[in-house]
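With the hints as constraints, model all of the structure from the sequences given.
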Amino acid sequence: MKILAIDTATSHLSVALLDGDAVLAHTHEEAALSHARLLIRAVDRVLASGGLTLANLHGLAVSIGPGSFTGLRVGLSTMLGFRTVTGLPLAAVPTLEALAWNVRRPAIAVCPVIHARAGEVYWARYRWDADGQLHCVQPECVGPLERLAEALEGPTLMVGEGWERHRDAVRRLLGSRNEEIVDAPLHAMAVSAVSVGLVGRRLLERGENAPIGLAPRYVQRAEAELNWERRTAGSVPEPLRWTRRQDAARARRAQGSRRRAG
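Using the numbering used here, the first residue of the sequence shown is number 8, and each one after it goes up by one.
Simulated from the structure, these hints should not be mistaken for laboratory data.
Virtual Cβ for every residue (Gly too), placed ideally from N, Cα, C.
DEER-style ranges, computed between Cβ atoms: (1) Ser41 <-> Pro162: 37 to 43 Å; (2) Met8 <-> Arg52: 18 to 24 Å; (3) Ala62 <-> Ala137: 38 to 44 Å; (4) Ser41 <-> Ala114: 36 to 42 Å; (5) Met8 <-> Leu193: 28 to 34 Å; (6) Asp190 <-> Glu153: 16 to 22 Å; (7) Thr60 <-> Glu36: 20 to 26 Å; (8) Glu160 <-> Gly126: 20 to 26 Å; (9) Asp51 <-> Gly214: 26 to 32 Å; (10) Asp136 <-> Thr93: 33 to 39 Å; (11) Val144 <-> Arg178: 18 to 24 Å; (12) Glu36 <-> Asp190: 20 to 26 Å; (13) His194 <-> Ser41: 21 to 27 Å.
Encoded structure:
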């Protein structure tokens, strides 16, 4: 199965052309805020390098987040346009899952991390089994570094540009648990369209074609919670702020349950 895969979820741009698990062509470059300007040219280069056109493909795969809001919209709109023109099926690949595919080690948990806004991060936790299947241990989350540190349990392999950026701060928060945390190789830290394509091919083989109204995965905390943090920033110690956030979240859930029961 020949697949064109792209990732625009971070400040980098990645495009890959795969035939099964074989990489026919791949490009990876710094894009900053220029995904819209660079993406089509990168796709043209990769197709030319692989000696193929869109008409020769069997499917498309795109990273759908979480990540850069602007980058995700550019990547998804481009691939939806390609699907409209070609009629090819499109696989929607969670960005953190694609990052986990960069490091396949069954003996240790994998935690991909992507930088979010306001010093927060996106993360999830996965584990590879002995048969080469990836299992989600903790679904996608977003929050401050303190919450990421609390979520890490046991030996864990950390991967992603968010981990590179915040590694020292999180390690300080971990204290004695720091010894259980292992850095992924440097070459595996960036989201790769190759991994997006590998996950995408498996989705397409299962018949999973993205719906027409597909939107990026914006994993966000409620704006009300963020506004509360802004109002109390500096006046309440961080551990207490986090405890209060947990209390507020529990109160909202309880209120919702009472409404449904009524």
